[in-house]
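> Here is what each chain is made of, one letter per residue.
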Amino acid sequence: MTRRAMHCFTLLAAGLLLFSAPALAQSGDPLRGEALFVGTISFSNGGAPCLACHAIAGHELGYASGASYGPDLTALFADYGEEGVVGVLEDLSFESMNAIYSERPLTEAEQADLVAFFSSVSQGETAHTGLALALHTAMATVFFLVLIGLLGWRRLQGVRKPLVERTRYGKGEIA
Amino acid sequence: MSDMILFGAFPYVAVALLISVGIYRYCVDRYSWSSQSSQFLESRVLFWGSVPWHYAILIILMAHFLAFLFPSGWGVLLGRPIRLYLLEVTGLGLGISTLIALALLIFRRVLNARVSVVTTIVDWLVLAALLLQVATGVYIAFTLRWGSVWYLHTATPWLWSLVKFDPQVQYLAALPAVVKLHAFNAFLILAIFPFSRLVHVVSVPLSYLSRPYQVVVWYRERRAG
Amino acid sequence: MNIRAQVSSVFHLDKCIGCHTCSIACKNLWTDRKGAEYMWWNNVETKPGTGYPTKWEDQERYNGGWERSGSQLNLKLGGRASLIGKIFHNPSLPTMDDYYEPFTYRYSDLTSAPAGDDQPTARPVSMVSGKPMKIEAGPNWDDDLSGSNIYAANDPGVVQLSVEEQQQLFAIEKMVFFHLPRICNHCLNAGCVASCPSGAIYKRGEDGIVLINQDKCRGWRMCVSACPYKKTYYGWSSGKSEKCILCYPRQEAGEAPGCFHSCVGRIRFLGVLLYDADRIESAAMQGDKELVAAQREMILDPFDPQVIAEAKRSGVPEEVVKAAQKSPVYKFVKEWGLALPLHPEFRTLPMLFYVPPLLPVLSMDNLGKQKLADDFFTTLERARLPMQYLAGLFAGGNEEEVKAVYRKLIAVRLQRRHLSVGDLSAEEAAKACAAAELNSETVDAIYRMTALTRIKERIVIPPMLREQAIEAGMDPEQYKQEMGFGSRLPPKRRW
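Chains A, B and C are the protein sequences, given in the same order. With the working numbering applied, the first sequence corresponds to residues 165 to 339, in that order. With the working numbering applied, the second sequence corresponds to residues 9 to 233, in that order. With the working numbering applied, the third sequence corresponds to residues 274 to 768, in that order.
Bound-form chain A, shown alone:
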């Protein structure tokens, strides 16, 4: 939680500083922004797609939208405005992102697309990814173990002990 609070604070500060930046939301393509966010289109400098760590609501991303490493970016645009977002995207100098993006900055066009994308969403419920993931994982585990169980269906289950027991305690002829 402390990291989240820290991120919010940083974003807020950046937003305030760059209050009068030029409008990018108009020039960017929100669809392309979404593709960049998800990773369908990679960033030209090789940076990580935002969905790797950040959740976002209001898009057709299903449970995949619920990343949990970084903070939820659904309300990013609403909270910090265009200038704030642009300021953040320019250098992405957060502790855990620095290593990735310092040498792989976003291009201006990519920033514009992302801003347009962020502006297209500002509210909505994030999918209950944690719960769904737990449920689906449990199903996958059971499925896998059942599959393994089928492999073990006709295995040698011991010969001598069952033979002796069945003969001695008269549980019928051994097949």
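Please keep in mind that the hints were generated in silico from the structure rather than gathered at the bench. Please read these numbers as outputs of a predicted model, since none were measured by experiment. Just so it is clear, CB atoms sit at the ideal spot from N, CA and C, and this is done for glycine as well. Treat the hints loosely; a few may be bogus.
No more than 27 Å apart at the CA atoms, straight line, and that leaves these computed lysine-lysine pairs for DSS-like [to be verified]: (1) A/K325 x C/K407; (2) C/K349 x A/K325; (3) C/K307 x C/K765; (4) A/K325 x C/K404; (5) C/K599 x C/K585; (6) C/K307 x C/K407; (7) C/K288 x C/K607; (8) C/K676 x C/K288; (9) C/K349 x C/K562; (10) C/K595 x C/K729; (11) A/K325 x C/K307; (12) C/K585 x C/K607.
Here are some, though not all, of the chain C residues that point toward chain A, as calculated from beta-carbon distances under 7 Å [as the list claims (entries may be wrong)]: (13) D287; (14) K328; (15) P364; (16) S365; (17) D370; (18) S419; (19) S421; (20) I423.
Use these hints to put chains B and C onto chain A, whose structure you have.
Frame of chain A; chains B and C shown alone:
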């Protein structure tokens, strides 16, 4: 500084041990090179431990290697939300399976008197390290989503920097402690590898698929006519 | 033709008294150490009985040996890929419980127990875990226990008989059994060799002894399952599989293998057979009942000039051909047709042959009084041990093969009766010989080989010529330490 030691220097120590001790053992004491199976002593629980463990861990390891070797291809694979989610569910399901299987294997070694006898200290060390590795892995996958993607931008460049003898530990430095533990423990396992029964991993008998069934060895070449 | 030499053996079951001396000799030589206590490379079973490991003959359970599918011969255990898929848990591996848990007694308690009201006792303890245990099985647990409703009644061969035959077999005062000593058969189409994923098991080209390269074995345990005779064993401490080595270090020094040398009843014969290796597959593909004949067909006459020439061309040394000419095994198996392989239907082409036992077969009717030839042959149909049972053991179910052997054994018996006791007429003996299709000289030779020979005639070890094989064109120094055992590290776990 400690990051540099743990993630910049230790991996080289681990790999150096792996290779040098591995070669030494293979050349000097090849007799000891074995899977050390205990199925003969206990078979039923082993099935529910060994089979899910091996298949699941092989798939998970393959995913780690593929993401390391072909990051761009891996990135394209995960570029669709549905594929990303399915891969995460699969990975996590397999991870939980390894955890269950490993727990079974450990209990079996503790509780079964016969199997317990053939368990050495190194075996316990291996089991503990593997348990730690699998548990941290599952924890990371569940709480720090989506690891399959950010791995490409943290672990992959770090590993490649190690390959290029130019360790870039900053990729790991900012990650949560549990991820660091996972990364460090991975190389710790590599370091234990040549001293333990884990060496059986490099003896995957794939040549069996192509060799003739019957093997006849002559003390020297047969004398022709 | 691709001629190879095979050191093979004949066990004469009529002479086996079930004393287990062979087993003990072998144990003291090779398996008296941690992880190998439970292994009996040589063991002696009581038949009818379930044997060691329990019900080893039942391949529906153990999946050993080969099976025909179409024009192919496949391991019953599975194809190559499926075998590798099963590597994490072998579906057909017997566990220690199917053999027995080795045990000893806490003898020290007898002298070190503090003074008390009760006699000190030596409790049985497991040699695996060291903990006190209840002894419930052993390598010959059903020794001489014919009629046991657990062991004899569950003999896989007995189970196949009719209820009537089973009752007759186990009727009180008619109870019958014989001993079956077993070692590795050093098969021509070995299942263990074929199943080893590491390729660690091999057949020695020069003498056909099947060995496991201990440095190459990785403990995948497929050989244990694939051997239908369960004659490879997993060393639970060393993590390596081990098997009978036919005492090759002794043979290379000109000595008989331990179990052969120690045999009290002198039932064991050893010698070289020449065979055509190109025919291995086609022989193993024959129908169950033709397998014995097909295997006999593969064995070549070492006196045939053409065979001698071919043998030379195939690299079989002259000395080995000479040893093959003196081989008692050749006489028993091929010349006289007296010895049969054990369970040929497993299709591994085993090279250990058995002369089936005559005594337990003879009907109760003629107990105490000698019968004439005619009676002998009619009683063969009403034998105490059903022919079907013996045919199941030694001929893949082909009763004619077994009967042919018995006719010969009876002919020998009657001719000796005529000559040594004299209460049988020469005509009767001749009639028996005619029925067995033997002439009286051959009968005499069989009698001589069976009863009168000394060890050098019973056990004809070919010159192994290891030193020659090395010296020709190689530096002998290089091979100095490789004779006999190559590995000089103790067989125990170190890492």
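> Take the shortest C-beta to C-beta distance between C/K328 and chain A; is it under 7 Å?
Holds. Min distance 5 Å.
> Starting from C/K595, check that the Cα of C/K729 is at most 27 Å away, please.
14 Å, holds
> For the pair we were handed, A/K325 and C/K407, check the Cα-Cα distance against 27 Å.
Cα-Cα ~13 Å, so holds.
> Between C/K307 and C/K407, is the straight-line Cα distance small enough, at 27 Å or below?
Within the cut-off at roughly 20 Å; holds.
> With a cut-off of 7 Å, does the beta carbon of C/S419 approach a beta carbon of chain A closely enough for the hint to hold?
15 Å, violated
> Holds or violated: is the Cβ of C/I423 closer than 7 Å to a Cβ in chain A?
It holds, given that the least Cβ distance between C/I423 and chain A is near 5 Å, below 7 Å.
> Would the hint on C/P364 be counted as holding, given a Cβ-Cβ threshold of 7 Å to chain A?
Holds - the Cβ of C/P364 comes within 7 Å of chain A, reaching about 4 Å at its closest.
> Can we keep the C/S421 interface hint, with Cβ of chain A closer than 7 Å?
Constraint on C/S421 not satisfied, violated at 9 Å.
> Measure nothing beyond the straight line between the CA atoms of C/K288 and C/K607; if it is 27 Å or shorter, mark the hint as holding.
20 Å, holds
> Is A/K325 within 27 Å of C/K307, Cα to Cα?
Distance ~24 Å between A/K325 and C/K307 Cα, so the pair holds.
> Has the given pair, A/K325 with C/K404, been kept, meaning a C-alpha gap of at most 27 Å?
It holds: about 20 Å lies between the C-alpha atoms, which stays within 27 Å.
> Is the interface hint for C/D370 satisfied, with its Cβ closer than 7 Å to some Cβ of chain A?
6 Å, holds
Hints 13, 18 and 19 from the earlier list are contradicted by this structure; the remaining hints agree with it.
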